[in-house]
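**Student:** Spelled out from the first residue to the last, the chains are:
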Amino acid sequence: MTLRVLVVEDDAAIRGLLCAALAAEGFEVLTAVSVSEATALVAHAPPDAIVLDLGLPDGDGAGLVRAVRSRSAVPIVIASARRDEAGKIALLDAGADDYLVKPFAIGELLARLRVALRHRGSSLQPALRRIERDGVVVDLEARRVTRDGATVHLTPTEFALLARLVRGAGRIVTHRQLLADVWGAEHVDDTHYLRLYMGQLRAKLERSPAEPTLLLTEIGVGYRCAVE
Amino acid sequence: MVPPFASVPGAAWRHAAAALLLLALATGTCALLDRHVSLTSQAMLYLVAVVVAAYACDRVTALASAVGAVTAFNFFFVPPRYTLAVENREHLIALAAMLGVALLVSWLSARVRQASTLAAESERRARQLSALAAELLDANSEAEAAAAGERALRDAFERVVLVTLDAFGGLRGEDGLTLPVRQSLRCAIDEGAAIGPGTGRWPGIDAWVVPIGSPGRVVGAVRIEPASAADESGREHAVALASVIAQGLWRLRAAAAEREAHAALERERLQSTLLAAVSHDLRTPLATIVAAASSLQAQGERLGRDERERMLGSIVAQARHLGDITDNALELVRLAAGPHTLRREWQALEEIVGSVVARLRGGPCGARLEAAVEPALPLVRGDAMLLAQLLANLLDNACRHAGDGPVRIEATRRDGGVAVSVSDRGAGLSADDEARLFEPFARGETRRAGEGAGLGLALCKAIAEAHGGRLAFTRRRHGGSRFTLVLPLEAQPADPGAATDVDTAVASSAEARP
Chain Z
0 MTLRVLVVED
10 DAAIRGLLCA
20 ALAAEGFEVL
30 TAVSVSEATA
40 LVAHAPPDAI
50 VLDLGLPDGD
60 GAGLVRAVRS
70 RSAVPIVIAS
80 ARRDEAGKIA
90 LLDAGADDYL
100 VKPFAIGELL
110 ARLRVALRHR
120 GSSLQPALRR
130 IERDGVVVDL
140 EARRVTRDGA
150 TVHLTPTEFA
160 LLARLVRGAG
170 RIVTHRQLLA
180 DVWGAEHVDD
190 THYLRLYMGQ
200 LRAKLERSPA
210 EPTLLLTEIG
220 VGYRCAVE
Chain U
0 MVPPFASVPG
10 AAWRHAAAAL
20 LLLALATGTC
30 ALLDRHVSLT
40 SQAMLYLVAV
50 VVAAYACDRV
60 TALASAVGAV
70 TAFNFFFVPP
80 RYTLAVENRE
90 HLIALAAMLG
100 VALLVSWLSA
110 RVRQASTLAA
120 ESERRARQLS
130 ALAAELLDAN
140 SEAEAAAAGE
150 RALRDAFERV
160 VLVTLDAFGG
170 LRGEDGLTLP
180 VRQSLRCAID
190 EGAAIGPGTG
200 RWPGIDAWVV
210 PIGSPGRVVG
220 AVRIEPASAA
230 DESGREHAVA
240 LASVIAQGLW
250 RLRAAAAERE
260 AHAALERERL
270 QSTLLAAVSH
280 DLRTPLATIV
290 AAASSLQAQG
300 ERLGRDERER
310 MLGSIVAQAR
320 HLGDITDNAL
330 ELVRLAAGPH
340 TLRREWQALE
350 EIVGSVVARL
360 RGGPCGARLE
370 AAVEPALPLV
380 RGDAMLLAQL
390 LANLLDNACR
400 HAGDGPVRIE
410 ATRRDGGVAV
420 SVSDRGAGLS
430 ADDEARLFEP
440 FARGETRRAG
450 EGAGLGLALC
460 KAIAEAHGGR
470 LAFTRRRHGG
480 SRFTLVLPLE
490 AQPADPGAAT
500 DVDTAVASSA
510 EARP
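Residue numbers (numbering that gives the first Met the number 0), protein chains in the order written: chain Z, 0 to 227; chain U, 0 to 513.
Calculated from the structure, these hints are not laboratory results. Each hint can be trusted.
The calculated label-pair distances, taken between Cβ atoms and stated as ranges, are:
(1) Thr212/Z with Arg258/U: 45 to 53 Å
(2) Lys101/Z with Pro363/U: 16 to 24 Å
(3) Ser33/Z with Arg412/U: 51 to 59 Å
Among chain Z residues calculated to face chain U with C-beta under 7 Å, some are:
(4) Pro102
(5) Thr190
(6) His191
(7) Tyr192
(8) Arg194
(9) Gly198
(10) Ala209
(11) Glu210
(12) Pro211
(13) Thr216
(14) Ile218
(15) Gly219
Note that beta-carbon positions come from the ideal geometry of N, C-alpha and C, so glycine has one too.
In isolation and in its complexed conformation, chain U is listed as follows (with noise of 0.2 Å):
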């Protein structure tokens, strides 16, 4: 793109030669007309010239020609034709009216030739500060930023350099500079202010070295060459771009430390609930574990057999309950490190589902479950392990709060997705508890005391969202919960080799095979 009022290389003398040629023209269709019309329309053939002249050429130009249309009507048309004298004295007066007249229109030409330039190029500027307002606005990060503004400053001045701070108050990008150039962004840093021609600071170097910031937030600087102090609205502009450039590095800045807040708020979040697991959760049944054994171990012989079995029941079931929020807790803990602790791998639901069932099965719970799985639902992807847990923790909280009655899991094909539900007739939920319910540690009303969902519920809600779908509760119509987990839908990957592998029968291939 061509720098403004860079000057063009010849444009002198084309609009030199531009103005001849309107003279020329004014004279010839003067002379064509002569015979025809009076001294005064020829004085205005050659008012047009010197009007277009005017307007299509610089300023020196179109002073040259007002006096050269005077002087060419003078010498052709006024007589005595073909000298410069004048022997009429109104003639002499019309001519210098003419001068005059001439000039003064020239010169407002000029003017608004220069006025409308200006117009245009601000216009081009402020529409360049715009386009680049919106495309920091895009940016996800700094790098980006810098390369989105270094490019708006490329298209506006010829030679620039950019550079921002870092962390630490080093410059990134001033690998490769000079001295020179580096000393200069660093000042314009320091100081928060523009340096360079015109700026009262620096007025000996070749260049604007403009901050990007204001004082005491001052993120980087921008160097521009050629520069010059008579240029003033260039430097505004360099000015300004800096200025859009500070802006959408600041939002990144405050975007970024926003999420590192976040980040450090869930941190301790998370921790909080950890320390409540351990002071809660795990001590409830490690109390009934330490109360059993104990027992067991001062009374022996002394308690009935009944009891004592009753108690090894205890102790078993507490210690497999322990192992559950251990490993609820570890993974909360692995989930808040980040999404991409996820193995993600194509599962079919069926098996997930099958192999919670079965471990569920041999438990307190095991005859109340019903297991229903849609034949052929899609797969899905996502980590068979996390969503065996997620699966385990609804049917293990089911369970504790369904009473004597059925506890259901089904999985179906939904709109856009596959969802797994699991029922129970249980006490269901106040509409208090419905809204904490996902929450660490919120327990329902209704429960009976030290037998909370714990960490368990978070946790499913953690492993939904990390496979980006989503965990429901409603409150059954006639009594009871649901919860349902829906997962999204994908673009289910190619079957292997189905028109090849046809369905045949093994038997009657026997002989086909030692």
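One chain only, chain Z, in its complex shape (with noise of 0.2 Å):
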């Protein structure tokens, strides 16, 4: 079955490449150039995942997303030219699954997308309990971590932090949802309580802490385990 992709985007030139590029890619490809538009699509012909721009002709792509997310969990990647961290964490905290700042490689915005489709129906499916990946094993159902076939010894917190990348693996988790999951809704700013962890983290996990595999850094935003 071909997944259908809902590209909203009211620059005409942005939008042709992007259908093209994912035609290209097999999806089936439904184009808006509003939000009423984007409304009235969701609504008839649901679609498998929304590539959206913020900055529309009759309102903004936040709306959308808020709307969206209360009916449905379709993935909704945000293509936009904003990149102030403040809207990218707003709108990630919102249910987005995932942003990119214009100007981005189609390659870039391919991946995100696969990532996504896969975290599809999230709520139904149980969250990623096990992955793999540059000689590091995570697996979560039982609470057992190894490097290179070695146990890797963690404190709660630290694990617990990890848990919560690995579950939501290749999207984006803001540092407010973690500080909030792992620390509890008190300590939504207390961002250092990241910055010490994730490097006690990456001392234990990464092969090279400055230059991580696993465990990156989205800059201002969050952080994002890696996946593949």
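Assembly of the complex is requested from the two constituent chains, each provided in isolation within its own frame, with the hints serving as guidance.
**Tutor:** Right, here's the structure in full:
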């Protein structure tokens, strides 16, 4: 079955390019140029994923994210020229799956879209329980972490942080989401907790902590556990 | 504080009592010594009492005590005793001389007393003026300066109203004032001269109204009550205080104007910098993109496969470069708006260095990059995006000028800070280039035309300074350049639950959880 992607973009040139690139990858592509058109399409021809620009002629894409998210778990990848972290974080917290800042490479968009699609319906399917990368195996089921076959000793907090990232593997998890899930809602502004614990986790899991391959930093926004 | 020269209630009575006591004391002493000393000595004792009374009491009491002393001496001691009559002509002359001396002494003493009171008062006033001047030097705002001035005036006078002129000619602080008070303040400001008793203007009112500043440069006015035409030194002091306050306010206004002029100059420089960015730095990559893309469009299949690949590659690379220039320009504008736009949070340099290196690894310079971050570096407080952009610019700059040599980024602990350095083995810089390095659009002579640092290094410096850090350039001994960013070390935040979060093997607790 062909996956259907809705591209919401008011700039004709970029819309055309995105359509061509997505069609070349075998997606069925729908396009919308406004919030109202997108809302109608989401209701009548539910897409499997949405690529969304923010500044649309009849409203802001952020409102659309909230409206869609209140009704469905369809993956939403934001593709916007806005690069301020606060806006990015707000959209990710509102339920967007990923955020790409224009200009971006098509390859990057396709990769993010694939990750988002894999998490499609994650509320129904069990979340990712086990990942393996560069000799590191994280098995959430068995609460076991090994590196090159040897058990890695983690503190309960380190494990909770790692588990949160692994469950959303491939996706950005914002600072706020991590802090709320691991330390509790009253600690959402204590970003230094993350700096310290991510540093400890990387020291235990990464071959070169300054150039991580598993626990990636999304500058100013959050972290991402790498997949594949 | 007691206003100077104010009449203290009951002071006249205390003076009179003191004078009486002194006379009684002199009379008593003379009576005690009556048998042993001559009239001359007794007269001297009375004179001592007169001198003391003249110095200690006011002028009227002093004169009265002089007359009283001569009368008492005559009554009690000059024969015939206990009458005011004088039997001997010699005694009459002596008494007359004594009265003369007593009056002269009391008059002189009173003058000395008044002079010393005045001297003490003027010294106090001079001290107040210099204290106010010093206080005004420390004032950071006009409101602070006006408040300090008002405090000083209240110390010196009973009732004080101070108003300052705002930028639109309105009176700041005039709310709640009665119409006559407002009118008098306005009049002093308009005329640029003091009004009130003794000034020749508005002598009928019971107040001095003194403008703050000289005619044409008046910045406010002060109204002082009560006022009398006779108190010339009080009026002079009010004028002197007002002129000190005026100097303080002028200084602040001049400083504000200077800051504004400086900011305007900075804005102008930024504007020309951005214009230069559009006209040169943006055009160069655009030219490459247009040339390559139009060549692909027009010549298409006639180009070799390798040639087409090369053109596509340069289109992508130059387009990315355009993106970087745009980002730099945007951030430079954002920083110029002020440091409040910074989103400062605790950051790990390991993460920032790591993500910048990760971004460049895939690029043409990727293989030549070496990264080293000292383990367990302290956290820094900063804007992650801006710090990342700073390091990306430095690395990008180094990559473009390093030839085929390695580019090394290294984060280490420093005295009182954390340092990140980016080093290359490129051609380096001439001394002339070095001096202009951080100016927008400075370019090394040795660099290839069209590939300038442009906005990049200027932005790097602006970011470093906005973080309270600094960016330094050093020429490496065996060729090449090194840029070092030093960020100040701040008190580290508390480690969350380090005591309770004990290191346990997660695997061993597997059975504890489902």
